Structure formats: structure tokens, C-alpha cells
Amino acid sequence: MEKSRYENLAAVLTKINNCLQEREEKVRRFRKVLSIWIKASFKEALNIRNLDGKATFDFEKETLTLLAQKRRAGTASDPMRLSSQSKRDQQQSVSMMSGGKRSFATVAFILALWEVIHSPVRILDEFDVDIVSRRQSLDMMLTGAKPNVQYLFLTSLEINRSDYSVNLNVLRMPDPERKSST
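Our numbering applies: residue -11 is where the sequence shown begins, and numbers increase by one.
Think of the hints as simulated: they come from the structure by calculation, not from any bench.
Incorrect hints may have been included.
Cβ-Cβ distance ranges computed for the label pairs, FRET-style [to be verified]: (1) Leu101 / Leu156: 40 to 46 Å; (2) Glu114 / Thr53: 45 to 51 Å; (3) Glu13 / Leu145: 27 to 33 Å.
As a list, the in silico PhoX-like pairs of lysine-lysine whose alpha-carbon atoms are at most 25 Å apart [to be verified]: (4) Lys3 / Lys27; (5) Lys27 / Lys14; (6) Lys42 / Lys20.
Fair warning: this is a prediction, and the values are worked out from it, not measured in the lab.
Using N, Cα and C, we set each Cβ at its ideal position, and we do this for glycine too.
Use the sequences and the hints to build the structure in full.
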């Protein structure tokens, strides 16, 4: 009787291990599909500002690298051209970019993430630190706004509600009172 019970437990354990391996493989495939979707959305968002770039996921090392560059006038977005460009024109890590490009590339990546993450509320703070890319970033976020999702954008800058035709409520907090030093 003990041997039969042991064999049953061993069979159950084998089934559990097989299910676990199958589940891990499905997670790997799902992660791959999501990364492809995010990469495409990121590239599309960068295109709005005439930037070309890519997001590289390394699941083994658990790293993410965002690269971007200004697209040359008259050239199509073609990854094969990158190898023939001079060092000056090569894509650079978003962390090494100027404030405006970095700010816009970060917003582009967040929007790409929002494409695959379904949440009824999305909050973004200080997305518009660069005044140059501010309008494009806000336009991109409002254009990509999904129905049945609430967005909360926190900013210290003025937003003119009449500039947008979407259902937009602007709540302005009063400026902080500052004590004068005597």
C-alpha cells in the first residue's frame, strides 16, 4: 500500500513539474510578445518628434535600454542605415540625451507601456519639465487617451483647456503662500 501511495505522489509531482515548465514557457512567450508590442509603440511615439529609436529588453540580464536619435532630413526610418552612420549620428542612450529629447523619449516609453498595461487610472507627474517638448508630449498623451480610463497629469505649468477638444478638466491649485523674510 505504501508503494502505491508513493507512486501516486510521484506521478502528481511529475504533473506539477510539467505544468510549471509549461507555465514558465507561456510566460516567456507572453513577455516576448509584450516586448515586441512595446518596441513598436515606442518607435511610433518617437516618430512624432522626428526621432528614431529602439527599446532593447534583455530578460536574462533584466535590463532595458532605450536608444534614440534625430532622424536625418529626407531619410526613412530604417534600422539598417544605423551601421553606416557616423558616430555623431549614431543612436544614443536616452540617459545621455539633452533634457528635451530625454523628456520626450521617456513619455514615449511610458505611453508604449500604457498600450500593454490595462488600468482604469493612469497618473503621470512632471512629464513636462522641458517646455519645448511639453506640447507634443501632452498632445500625444491626450490623442492616445483611451475611453473608460481616467488620466491624471500633475504639472506646475499652465494648461489652456481651450487648446484641446477632448473631455479635459483642469484643476488649478492656488500658488503657495510664501513668507517674506525680514
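Outcome of the hint check:
1. Leu101 / Leu156: 40 to 46 Å: Since the Cβ atoms of Leu101 and Leu156 sit about 22 Å apart, the hinted range of 40 to 46 Å is violated.
2. Glu114 / Thr53: 45 to 51 Å: About 23 Å separates the Cβ atoms of Glu114 and Thr53, which means 45 to 51 Å is violated.
3. Glu13 / Leu145: 27 to 33 Å: Distance hint for Glu13, Leu145 is violated at roughly 47 Å.
4. Lys3 / Lys27: violated (36 Å)
5. Lys27 / Lys14: The given pair, whose Cα atoms are some 20 Å apart, holds under the 25 Å limit.
6. Lys42 / Lys20: Measuring from Cα to Cα gives roughly 15 Å; hence the hint holds.
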